[in-house]
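With the sequences and hints as input, model every part of the structure.
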Amino acid sequence: ILKKIIEMKMVMGEVIKEGFSLLRPRAGDQLAKLKRNHARTVEWLVELASLQTSIVTVVEAIEIIHK
2 ILKKIIEMKM VMGEVIKEGF SLLRPRAGDQ LAKLKRNHAR TVEWLVELAS
52 LQTSIVTVVE AIEIIHK
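Taking our numbering, the leading residue of the sequence shown gets 2, the next gets one more, and so forth.
Calculated directly from the structure, the hints in this document are not laboratory data. Incorrect hints may appear among the rest.
Derived pair list, reagent style DSSO-like, types lysine-lysine, alpha-carbon separation capped at 27 Å [as the list claims (entries may be wrong)]:
hint, residue 1, residue 2
1, K10, K34
2, K18, K4
3, K18, K5
4, K5, K34
See below:
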């Protein structure tokens, strides 16, 4: 799970970096690309939140088992 979180954050960083490069001319094409990247970023954030919730659940289960 941690590996997946790290991968997701790295990909999100690349998308954000790409987003800043969209501040250049050719607004129409760039805006369409920005919208696609935004949608992907939201999907990744949802997946990341799900993975983080899974980690909390696993930690809680481990704590219960070790009581």
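For each hint, the structure was consulted:
Pair hint K10 plus K34 holds up; C-alpha atoms about 20 Å apart against a cutoff of 27 Å. Taken as a hint, the K18 and K4 pair is honoured in the structure, with Cα atoms around 21 Å apart against an allowance of 27 Å. Proximity of K18 to K5 is assessed by CA-CA distance (about 20 Å); at most 27 Å being required, the pair is judged to hold. Distance restraint check for K5 and K34: the Cα-Cα separation of roughly 25 Å lies within the 27 Å cut-off, and the hinted pair is therefore satisfied.
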